[in-house]
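> Take the given structure of chain S and dock chain A to it, following the hints.
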Amino acid sequence: MLEGLSLSVEPGSVAVVLGSSGSGKSTLLRCLAGLEPFDTGRVALGSLEVAPGGHAALLGRVGMVFQSVELFPHLRVLENCTLAPRLHREPEPEREARSWLERLGLLDRADAWPQSLSGGERQRVAIARALSCRPAALLWDEPTSALDPERKREVAGYVEAVRDRGIPQVVVTHDAELSAALQATRYRLSEGRLTPLPAGKD
Amino acid sequence: MGGTVLVSALLVPVALAAAPPELRWGADAEGGAPYIFEQPPGHLRGFEAELADLLAARLGRTARHVQGPFAQLLPLLERGDVDVVINGIEVTDDRARAYALTRPYWAGPERLTVRRGDPHAPASLADLRGRRAGTLPGTLAERMLRAAGAIVSTYDGGQEDPYRDLALGRTDAVLLDAPIALYYGDRPELTTLPDGFGEIRYAVAARAGDTRLRDELDAALDSLVRDGTLPELLQRWGLWTEEAGRVLGVSTAPSGPTVELDAWRARTAGGMWSAGVWPVLSALGRGALVTLLLSVAAMALAVALGAALALARVYGPAPLRALALGYVELFRGTPLLLQLIVVYYGLPELGLKLSPLVAGWLALGLNYAAAEAENDRAGLLAVPRTQMDAARVLGLGRWQAIRHVIAPQAIRVAVPPVTNDFIALLKDSSLVSVVTVTELTKTYGTLAAATRAHLGLGLLVGGIYLLLGLPFARLSRWVERRLGEHLEVTR
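Chains as they are written, first to last, in the numbering used here: chain S, 23 to 224; chain A, 8 to 498.
This is chain A alone, in the form it adopts within the complex:
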């Protein structure tokens, strides 16, 4: 009987392993339409999301999306967290050397967007000399703007921001890939010039050594072009261009309606609730839960490690004191973001590859341990040394004295700053989105990119952070009161 149960338990993973392998593809859902975005929340859309599914199907595999910030997608590929990156990766000579790039699946021009009715609006790249122009960092558009002598502003926060600043008059023009101009540049205050500039091509990136996967993907792309699937896909998203026809080798333009572009335009006119109230709230709820659990777990690590560090610094022998001081200086003196990136992308070089959640938990916990150590140390030093003498004379051992006499008094002093730090950690936990964890702030960015309702969603998410922190502020006041009971009496 027991033997049967054991055998069937062992069989399950074997059966799973026999299923077609996944094609893990990296893309940033916060980047937005038409590449990849969530609509409704939790449901991926975009022409690249469709392309990933199609490619995986032709390879006999299932596509699995891995969320990562745009700037970290290629590092994620090198780290082995994804098999390919499909996210508007422009073909350049440098990239073709560093990665195994497929044939292009799209090509088109950069487009220049200006303010409608601006008498001084630039009409060509030459007009941009000495003018302010916005674009996304690390793109062909940025290089073209710099070559034209423009004063360039680059935006990390998504595709909406350059156009918003242009509408507000902070820049005079925006040069970006035609798909972005089509989806985010169509504001009533703005107009996009009919003529494009230059040509960009998007390709799928695999690891440099992974030419076998690249060749399989090329074959799959060929078949998607031949049977008309890819041209039809680009047409539905309103992305068909002459250049695309040329690189794909398709002479007759597809003729179907641009349904996805039309749906996008209808939805973004509907504001933040356009996907429905429940999907938005449940997506934010999931993000808030990740933020809360991650923060509580990281704070638990920080408090435990911080207490050990503080005890080492106050009561430890000289070498241990120096070690604890070194730890505090190192983790307090370097940016949390750097620590997070080193833990996630750097440690694999030493053979330690952590999952995103564990890496985020560890980096936050290790960083905040330094702060908690200082809070605890202040608490320990606030207890007069003579209290230790009194406890020792009564025959208490060092640890007994710390545990029963010093710590209870020190904790009361440390509780308010520790609570303060927890609320700071709750906010800093948004940094873990750089290691592919989708918490509350990342959820906000994704929702905002899909609905273009930055203000409304921003206020809502700010409110959620406040609500998450409030119970802990109350808990802290209660603990402080309990531990300070003996101080409230008067003679």
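The following block holds chain S by itself, in its conformation from the complex:
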């Protein structure tokens, strides 16, 4: 699927991967998140080095905002954000979650069911949920695909908010507008190969 591929993102910087569907985008993200095994190569995250077969070590360390959002429908907004930290016995899961919900303008929705939220709100909950786990990196899978045009413009703002926390990010998208709105290193993924794009060009 993917080969001869190298991608490096520094803390506080953003890599945008542009590619059409079928280019291997989601395989790349699943490998980086620890959901998919890889045969050769390595994934390095800070001081953690993951060799083939050890991909599961990445789970819980790399946050991901899914294209389909994937909130847990049977849990309220705050519970969605605190479930994992609570199970990991992290200190003050609720405070951390509330602080992210507040930053994303969702504090008044903390007790709402996901079903009652708008598409944009759901995506922000997914961001808050990922960040409440204090990930070492954050992946975005087509973050604008399910949003209406004016909401799309807000996504760049969320990416910037995360950048402020010094978390490296990879944004996979085919949305040129989003790509242009971000200060990022850009790549094109095509038939499993990743090519850097010259700076200042989409």
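Hint data in this document are derived by calculation from the structure and do not stem from the laboratory.
Keep in mind that the hints are not guaranteed to be accurate.
[Said to hold, decoys possible] Here are the simulated distance ranges between beta carbons:
no.	chain 1	residue 1	chain 2	residue 2	range
1	A	Arg484	S	Gly179	42 to 50 Å
2	A	Leu361	S	Glu116	47 to 55 Å
3	A	Tyr322	S	Ala158	23 to 31 Å
4	A	Val486	S	Asp133	37 to 45 Å
5	A	Thr341	S	Glu25	48 to 56 Å
6	S	Ala158	A	Gly491	33 to 41 Å
7	S	Ala198	A	Ala329	43 to 51 Å
8	S	Pro171	A	Gly333	50 to 58 Å
[What the hints assert, rightly or not] Computed footprint of chain A on chain S, listed as stretches where at least three residues anywhere in the stretch have a Cβ under 8 Å from a Cβ of chain A:
no.	segment
9	81-87
10	103-113
11	133-139
Backbone N, C-alpha and C fix where the C-beta goes; we use that ideal spot for every residue, glycine too.
Leaving out everything else, chain A in the frame of chain S:
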């Protein structure tokens, strides 16, 4: 102090063991009068019930009745659940080879019953060629009817049914043992021909190797004949016949009144409440309780095992998946009745002998586990796979993800079909009567055989089943609403 308590606790079973052993005798109380029936409910009556008590007393033992369906009585004997069967067991050459049979305690003819005023009513066995005739299965009467060229209908549901169908015109005649014709053939629409056909003899059956018990029983029967107890007993039930006099070696017929036959006739004229309202309701209450407890316990087993099977099928490694699939196919693809009989009568051959209630619970639970596994699997598959991915990326382990993310959503999907299955199980639990458990349907059969009020009791028992199921249907709707709370909101 502690030592004393311990010693006395140990002494109790020793004292019990020293008491005279029981004589466990098998008979089907649903078969009915005059053999064995319940009147009032919970109290055994019948000439064989009396005979069992008399025989046990002569042996210095106490009689204990074991309830089993008529067709399963001899298997129960071989399984060792009863010491003897006393329930109109006809003496045949085959049976005399397979079991240790005593001398006969009754003999008499088969009797032919026809519709009163039917101009074409058969008057002899020869008249039955090509005609429809009813009887009970596996009896001498059935063999005689087949030999006569009749079209034979056999009835498993008790002694009432052949006569009911005859009265309704579904058959032209009924040939059955004289005692049955006497007790169930005396309907106003029917008449029984005065001349009998052939001769049948009833004997007590013990296990083939148990000739010592057989000899003791023969001696006891001898003494019961000599002191006039047995002839007097048969006379009270209206069962004295020339043939009985001959096989028992009694030349002078007993002369007392037929009190038990008269009492039966008076009672059956009184309908379903003839034994009193309370005894009938309390018997049905006991049956309903057995049905309910058995069903709840079996469903608990089915739900737990079904969940494990479903998880194995959806998330397990390949060998476990195959094993779970095999289990589901096996238990879903074979009849529950067969599974029940194998668990109760078959497993003892492998050295595993289960009590009736445990066997019934296990068979129902194992069978319904296959259905619950499919319900749970449908629930698990209804949750998008990406939910698992989302949970795993957040750092949840597989089990944590299943427990906190997948299962709560899957259960909501599975609750309605699981409730449906519970109500089906409540009804299927009536099958456990084949392994001697007296639950609600068996209680109905026994009451109906004793009062002949099939319709009234049937409606009553149907109502009880409905009442038993209703609370669970309500509970299910409540659970579904609780688990689906998050779906009821709108933006």
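> State for each hint whether it applies.
Hint by hint, here is what the structure shows:
no., hint, result
1, A:Arg484 - S:Gly179: 42 to 50 Å, "holds (45 Å)"
2, A:Leu361 - S:Glu116: 47 to 55 Å, "holds (52 Å)"
3, A:Tyr322 - S:Ala158: 23 to 31 Å, "holds (28 Å)"
4, A:Val486 - S:Asp133: 37 to 45 Å, "violated (22 Å)"
5, A:Thr341 - S:Glu25: 48 to 56 Å, "holds (52 Å)"
6, S:Ala158 - A:Gly491: 33 to 41 Å, "holds (37 Å)"
7, S:Ala198 - A:Ala329: 43 to 51 Å, "holds (49 Å)"
8, S:Pro171 - A:Gly333: 50 to 58 Å, "holds (54 Å)"
9, 81-87, "holds (count 6)"
10, 103-113, "holds (count 4)"
11, 133-139, "holds (count 6)"
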